[in-house]
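Engineer: Each chain, letter by letter, is given below.
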Amino acid sequence: MITFKDVWFWHEARPVIKGASFTINTDEKVAILGPSGSGKTTILKLILGLSVADSGQVLFDGVDLASLNETKLDAIRLKFSIVFQEGALFDSLSVRENVAFYFREHTRYSFSQIEERVRMLLKTVDLESEAELMPEQLSGGMKRRVAIARSLAVSGARMNLYDEPTSGLDPVNAGIIRNLISDAAKDGRGFIVVTHEIFDALSLASRFMFLKDGQILFDGGRDAFLHSQVPQLREFLNPYRYLLDKL
Amino acid sequence: MGAFSKPFYAQEIVEQMNHAGPGTLLIALITTFVVGMALSIQVLNQFEGLGLESEVGRVIGVSVIREISPITLALVFAGRVGSGISAELAAMVQREQIDTLRAFGVSPIKKLVTPRILSSLIMLPSLTFIGDFAAIIGGFLITTVQYHSDPELYWSSIRAIMDLKNTIFGVSKPFVFGYLIATISCHVGMRSQGGSLGLKNAATKSYVLSTVTVMITDFLITKVIWIFFP
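Line by line, the protein sequences are chains A and B.
Each residue of the first sequence is one higher than the one before, counting from 1 in my numbering.
Each residue of the second sequence is one higher than the one before, counting from 1 in my numbering.
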């Protein structure tokens with residue numbers, strides 16, 4: 001369980017997160033929406049302890065992340081898997097090596113065991129034949145799929161985190177990514193999707209949080225989200241209102 | 001000292017050594033060889049009229065081993081390897097690859113920084129050692145071919161300077177410079193911000209900081225060695 005208690009985070013004298021408080025169970029399917037620069041990605045980094053709150057507490061299963069050293073934080077981080085925006089694949093490693101990264105770092109699997117698991121993960125994202133390509137040889141959609149395969153390797157993860165997973169992709173590739181995110185949650189893992197794509201959020205999540213200028217202005221279910229009276233959220237949804245009314 | 005605790009990334013160290021060493025060798029050979037030739041012209045022109053030709057090899061050897069080769073190769077290393085390290089790490093920061101490492105429970109310090117420091121600690125002294133020879137041979141060619149000096153005189157004066165003090169100069173400086181260049185370059189790269197301008201700034205900043213630090217440290221090491229070995 002992730003708990004934020006009045007979390008503030010500043011970057012270069014500017015408050016990025018302003019007093020965020022919420023609790024998310026690791027089996028929940030959550031979408032964090034908001035315009036660009038609203039602090040969505042920062043929330044993911046705070047959850048992973050990649051950024052440290054300037055005040056307030058970020059807790060995982062009741063443990064304050066600020067009280068942990070890097071070794072203990074690493075153990076917490078491996079309770080999650082993350083796909084950063086645009087994949088964040090390691091440039092110097094091939095597709096196969098990127099997907100094998102977790103196994104090489106954290107398991108004692110033999111070479112052939114790793115190869116077998118990598119092959120299966122690449123099959124899951126339909127990229128078996130691209131195993132030997134380097135990241136710069138991949139399209140944007142392929143990079144996200146490799147990043148998802150790499151994240152699925154984290155066997156102990158209880159929750160998957162996605163940062164703008166479909167941003168900049170064509171509708172076909174965006175659909176493929178959405179299906180992969182849904183499939184990855186079938187084993188009981190929850191997920192948090194950070195996005196500004198409303199229809200991605202609606203097709204994936206059951207809980208919606210709306211963030212603007214570092215403040216969580218809405219946190220609730222689908223119907224409440226669609227019919228919220230929060231002015232900033234209504235303004236955010238207005239361009240899509242015609243389509244949303246047809247849902 | 002956490003940077004040098006387990007796990008060790010031997011493959012990364014070998015890869016970094018391969019980049020820093022063989023990749024820089026040709027530049028190291030050319031620069032030190034040419035500097036050795038230029039130095040010998042200067043020395044010969046000063047010594048010729050004074051009847052000190054027998055001391056030419058000695059002066060060239062001492063200058064090369066104590067100052068010219070360590071400094072020249074530190075500058076080459078800072079430009080080719082150090083700036084590359086900064087730009088590479090800065091790109092990894094910007095593309096969230098450093099965050100990805102940490103999210104996967106892997107220390108970027110142990111995985112990226114330590115191999116680059118260890119590689120520099122090994123490769124800059126090695127390159128300097130090779131550069132010493134290249135500069136001395138450059139000096140030899142000018143001395144014997146252009147100025148027709150006795151080759152044996154040159155080599156005997158070079159052999160005469162192979163003592164403890166010169167060995168300490170020759171080993172300590174590149175070792176310290178290698179550590180400083182790698183540490184500065186990694187630090188600047190890991191703390192970079194902001195797009196392609198950030199990459200440019202990281203490469204430039206690491207080179208400038210490295211060269212200034214190397215120059216100041218060179219003076220300090222020289223001073224310290226002279227205190228202990230007057």
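Derived by calculation from the structure, the hints in this document are not laboratory data.
The model shown is predicted, which means the values in this text are computed figures rather than measured ones.
Be aware that a few hints might be false.
Stated by the list, open to error - Restricting the straight-line Cα-Cα distance to at most 30 Å, the calculated cross-link-like pairs of lysine-lysine (DSBU-like) are: (1) Lys123(A) <-> Lys223(B); (2) Lys110(B) <-> Lys79(A); (3) Lys79(A) <-> Lys111(B); (4) Lys72(A) <-> Lys165(B); (5) Lys123(A) <-> Lys72(A).
Engineer: So which of those numbered hints doesn't the model satisfy?
Structural biologist: 1, 4, 5
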